[in-house]
Amino acid sequence: MAYSTNPNLPKARAIALRMLIIEQLPLFVVANRCGVHRSTIYCWRQKWLEINKYRQTDNPNRPTRPVGTSRLLTFRWPIPTSSSAPHHSPQAIGRPIIDRILELKDFLKALC
1 MAYSTNPNLP KARAIALRML IIEQLPLFVV ANRCGVHRST IYCWRQKWLE INKYRQTDNP
61 NRPTRPVGTS RLLTFRWPIP TSSSAPHHSP QAIGRPIIDR ILELKDFLKA LC
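Residues 1 to 112 in the numbering used here are what the sequence shown lists, from first letter to last.
It is possible that some hints are incorrect.
Stated by the list, open to error - FRET-style restraints, in silico, Cβ to Cβ:
(1) P86 x A110: 53 to 59 Å
(2) S84 x L49: 19 to 25 Å
(3) S39 x A110: 52 to 58 Å
(4) N8 x I98: 36 to 42 Å
(5) A85 x V29: 31 to 37 Å
For the record, the hints were derived by calculation from the structure and aren't laboratory data.
Ideal placement from N, C-alpha and C gives every residue a C-beta, glycine not left out.
Full structure from sequences and hints, please.
This is the structure in structure tokens:
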């Protein structure tokens, strides 16, 4: 399950990143306006860069000019909520042991 089930959270992240990237507000100002810690905004920015890693985020011929709005429209702004489930459980009980426990439980329930 995800750490948040709020359906509007990806849109809220997108708004924060637009303030950070398009409006070029400082990180702490964006964090203050969104009501989250600045490290959260930084993590969202890292995820956004990972999502848009194959899109051109700079202006190589004119580095002093900002990226045009037509190029900014090609970016994927919403950041989906990722699952907070563990990737693996090395200390998990094996399936045969679980089956045996359930079998004994049913057996003991039948005795009562």
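Quick rundown of the hints versus the structure:
Separation of P86 from A110 is about 35 Å and departs from the stated range, judged on CB atoms against 53 to 59 Å. A C-beta distance of roughly 21 Å is found between S84 and L49, which places it inside the suggested range of 19 to 25 Å. Separated by about 55 Å at the C-beta atoms, S39 and A110 satisfy the suggested range of 52 to 58 Å. Hint check: N8 to I98, Cβ distance near 39 Å, so the stated range 36 to 42 Å holds.
For the pair A85 and V29, the supplied restraint of 31 to 37 Å holds, since their beta-carbon distance comes to about 34 Å.
Going down the numbered hints, you'll see the structure goes against just number 1.
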